[in-house]
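Residue numbers (the working numbering), protein chains in the order written: chain B, 1 to 56; chain U, 1 to 213; chain G, 1 to 249.
Hints are computed from structural coordinates only; laboratory data are not their basis.
Treat the hints loosely; a few may be bogus.
[To be verified] Short derived list, chain G residues pointing at chain B, Cβ under 7 Å:
#1 Ile-82
#2 Lys-241
#3 Glu-242
[What the hints assert, rightly or not] Estimated spans, in silico, between C-beta atoms of each pair:
#4 Met-46(B) with Glu-213(U): 48 to 54 Å
#5 Val-78(U) with Ile-30(G): 28 to 34 Å
#6 Val-78(U) with Trp-83(G): 27 to 33 Å
#7 Trp-124(G) with Leu-27(U): 44 to 50 Å
#8 Trp-205(G) with Arg-148(U): 47 to 53 Å
#9 Ala-178(U) with Val-33(B): 50 to 56 Å
#10 Gly-181(U) with Leu-16(G): 55 to 61 Å
#11 Gly-18(G) with Ser-187(U): 51 to 57 Å
#12 Ser-38(B) with Trp-178(G): 45 to 51 Å
#13 Ser-238(G) with Ser-38(B): 18 to 24 Å
#14 Ser-8(G) with Val-152(U): 46 to 52 Å
#15 Asp-65(U) with Arg-45(B): 28 to 34 Å
#16 Pro-170(G) with Ser-38(B): 38 to 44 Å
#17 Glu-232(G) with Ala-37(U): 56 to 62 Å
Even for Gly, the Cβ is constructed at its ideal location relative to N, Cα and C.
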Amino acid sequence: MSEWFAMGGHGFYIWGSYIVSALFMIVEVILVVRRRRSLVQRLGRMIRMKDSEVSG
Amino acid sequence: MRDLTLAMRHRSDVLTTVFFFIIVVSLFPLGVGPEAALLREMAAGVVWVAALLASMLSLTRLFADDYNDGTLEQLLMVPQPLPLIVLGKVLAHWIISGLPLVLMSPLLGLQFGLEGDELIMLMVTLLIGTPVLSLLGAIGAALTLGLRGGGVLVSLLVLPLYIPVLIFGAGAVTASAAGMGADGHLSLMGAILLLALVLAPWASAAALRISVE
Amino acid sequence: MFNLFKYSSPASFYPLAGRLAVGFGIASAILLVIGLYMSFFVAPTDYKQGEGYRIMFIHVPAAWMSMWIYVVMACFAAAGMIWNTRLSSMMASSLAPTGAMFTFLALWTGALWGKPMWGAWWVWDARLTSELILLFLYVGFMALESAIDDPRRAARASGLLALVGVVNVPIIYYSVEWWNTLHQGSSIKVVKGGVETSMSEIMVWTLLVMTFACWFYAIAVSLTRVRCTILERESGTSWVKELVQGGKS
Numbered sequence: 001m002s003e004w005f006a007m008g009g010h011g012f013y014i015w016g017s018y019i020v021s022a023l024f025m026i027v028e029v030i031l032v033v034r035r036r037r038s039l040v041q042r043l044g045r046m047i048r049m050k051d052s053e054v055s056g
Numbered sequence: 001m002r003d004l005t006l007a008m009r010h011r012s013d014v015l016t017t018v019f020f021f022i023i024v025v026s027l028f029p030l031g032v033g034p035e036a037a038l039l040r041e042m043a044a045g046v047v048w049v050a051a052l053l054a055s056m057l058s059l060t061r062l063f064a065d066d067y068n069d070g071t072l073e074q075l076l077m078v079p080q081p082l083p084l085i086v087l088g089k090v091l092a093h094w095i096i097s098g099l100p101l102v103l104m105s106p107l108l109g110l111q112f113g114l115e116g117d118e119l120i121m122l123m124v125t126l127l128i129g130t131p132v133l134s135l136l137g138a139i140g141a142a143l144t145l146g147l148r149g150g151g152v153l154v155s156l157l158v159l160p161l162y163i164p165v166l167i168f169g170a171g172a173v174t175a176s177a178a179g180m181g182a183d184g185h186l187s188l189m190g191a192i193l194l195l196a197l198v199l200a201p202w203a204s205a206a207a208l209r210i211s212v213e
Numbered sequence: 001m002f003n004l005f006k007y008s009s010p011a012s013f014y015p016l017a018g019r020l021a022v023g024f025g026i027a028s029a030i031l032l033v034i035g036l037y038m039s040f041f042v043a044p045t046d047y048k049q050g051e052g053y054r055i056m057f058i059h060v061p062a063a064w065m066s067m068w069i070y071v072v073m074a075c076f077a078a079a080g081m082i083w084n085t086r087l088s089s090m091m092a093s094s095l096a097p098t099g100a101m102f103t104f105l106a107l108w109t110g111a112l113w114g115k116p117m118w119g120a121w122w123v124w125d126a127r128l129t130s131e132l133i134l135l136f137l138y139v140g141f142m143a144l145e146s147a148i149d150d151p152r153r154a155a156r157a158s159g160l161l162a163l164v165g166v167v168n169v170p171i172i173y174y175s176v177e178w179w180n181t182l183h184q185g186s187s188i189k190v191v192k193g194g195v196e197t198s199m200s201e202i203m204v205w206t207l208l209v210m211t212f213a214c215w216f217y218a219i220a221v222s223l224t225r226v227r228c229t230i231l232e233r234e235s236g237t238s239w240v241k242e243l244v245q246g247g248k249s
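Turn these sequences into a full structure, and let the hints guide you.
This is the structure we're talking about:
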């Protein structure tokens, strides 16, 4: 098992590549999904505030 | 041609560019140490980068003055094709900031221990390269007209486009110094210059319209 | 891909983009799992490079994506400039960050592949340099767009920049044919251009799976990002108000 992980001595480079790539891609997804959710929430709040101003 | 007369009145601008060039180039031996062989190797690159930076200094002003006093909008409505007007401005810019650098370069090359042939090659490459910088810089200047980021933004936009010229220009000098032919480098640079001459004014004109309307 | 004109209004595109994003996202995840499994367990050990060559299965897709996304981005930018469609420009802007990321990954994984194989993290050869220039172009595109307040001018200015820079993409692609570059492998011969032919079939398939995985990923992320932009720009319209109040997403 640990032999496979070492990848014939190239382990550092291979895992370094894949892990960094995975990290970037996962972070990008998280950022974009969070941005959308917070946008929807924020817009919702703003509109509810405006509505309560008008009616209140 | 009007730009040339304006520039003559602002003679200090020409001098600023040239002095910046001289200072930057002179800083390198101070920072790197006086070892002759090292300096000779670095010479082409250093002079080229310094020329690049010095030339970029004046790029923002290429269109900004006209933009600020309203003449740019008038120029857009003039019957002459806008690319031609841009070409005129670029030519003026090159005469003010590019040409002096080309003329100064042999002196600076001497500082680095370059010899006769290499000095000539340095001048030639800069002669071809600095107009390209003015041409490409015009695109960047036109795109960033009136923006806050200013000079930094222009550099960010133009430098990627300019990197190949830098590589071939400096490379030509080092290649000829090492005895290998620089013909390939020079012909590529010539091709880039021709391409830039044809396409850049057109792109700059488009960018100007985008920025002003 | 889809009927542009029917969906060229942000209001009708928004829900479609949502469904597509989910679909492509799931497809991408599945392909990634398969592709990674193939990269590590199915693809054989290379007789020249040993295990180290496996970086190729992320490096090549990333590089291909960096170029492909730029081209698509430039097309959307051009479409936005020619037909004055806001949605096209929004798509271009949404693609840029993902494209930049893949460019960075291509350079990063390339360096990590190059160091053990050819002894250098970096060389200033034609392909690597032009890929680096591509990264600068992406960054410049995003910087220029964010520096301009007026959305229309921002879209057109950055679009022009993207179009001027698109000449770089064929340079990247053909640089290994035009010049003698290290990337093609000078001391240790792993012919990049010949990778399609001299590779074993399993390697080709693995490469394709990973490429499509990255492609679908890029589509899913960009579509989600453009939904954000649509919400921001159209926040005053009634359909957004309904959407946001309805509690739906």
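Structure-based check of all given hints:
Checking Ile-82(G) against chain B by beta carbon gives a least distance of about 28 Å; that is not within 7 Å, so the hint is violated. Annotation: Lys-241(G) was flagged as interfacial toward chain B, and the flag holds, the nearest CB pair being 5 Å apart, inside 7 Å. The closest approach between the C-beta of Glu-242(G) and any C-beta of chain B is roughly 10 Å, which is over the 7 Å cut-off, so the hint fails. Restraint check, Met-46(B) to Glu-213(U): a C-beta distance of roughly 32 Å breaks the suggested window 48 to 54 Å.
Here the CB-CB span from Val-78(U) to Ile-30(G) is close to 60 Å, at odds with the stated 28 to 34 Å. A beta carbon spacing of about 28 Å between Val-78(U) and Trp-83(G) agrees with the range 27 to 33 Å that was offered as a hint. Restraint check, Trp-124(G) to Leu-27(U): a C-beta distance of roughly 23 Å breaks the suggested window 44 to 50 Å. Between Trp-205(G) and Arg-148(U), the C-beta spacing of about 50 Å keeps the proposed range 47 to 53 Å intact.
A beta carbon spacing of about 55 Å between Ala-178(U) and Val-33(B) agrees with the range 50 to 56 Å that was offered as a hint. At roughly 58 Å, the beta carbons of Gly-181(U) and Leu-16(G) sit within the given window of 55 to 61 Å. Roughly 53 Å separates the CB atoms of Gly-18(G) and Ser-187(U), a value that falls within the hinted 51 to 57 Å. Our hint of 45 to 51 Å for Ser-38(B) and Trp-178(G) holds, since their Cβ atoms are close to 47 Å apart.
Between Ser-238(G) and Ser-38(B) the C-beta distance comes to about 22 Å, which sits within the given range of 18 to 24 Å. Taking 46 to 52 Å as the suggested C-beta distance range, the pair Ser-8(G) and Val-152(U) does not conform, at roughly 36 Å. At about 47 Å, the CB distance of Asp-65(U) to Arg-45(B) disagrees with the hint of 28 to 34 Å. Judged by the Cβ atoms, the range 38 to 44 Å given for Pro-170(G) and Ser-38(B) holds: they are separated by roughly 40 Å.
About 58 Å separates the C-beta atoms of Glu-232(G) and Ala-37(U), a value consistent with the hinted range of 56 to 62 Å.
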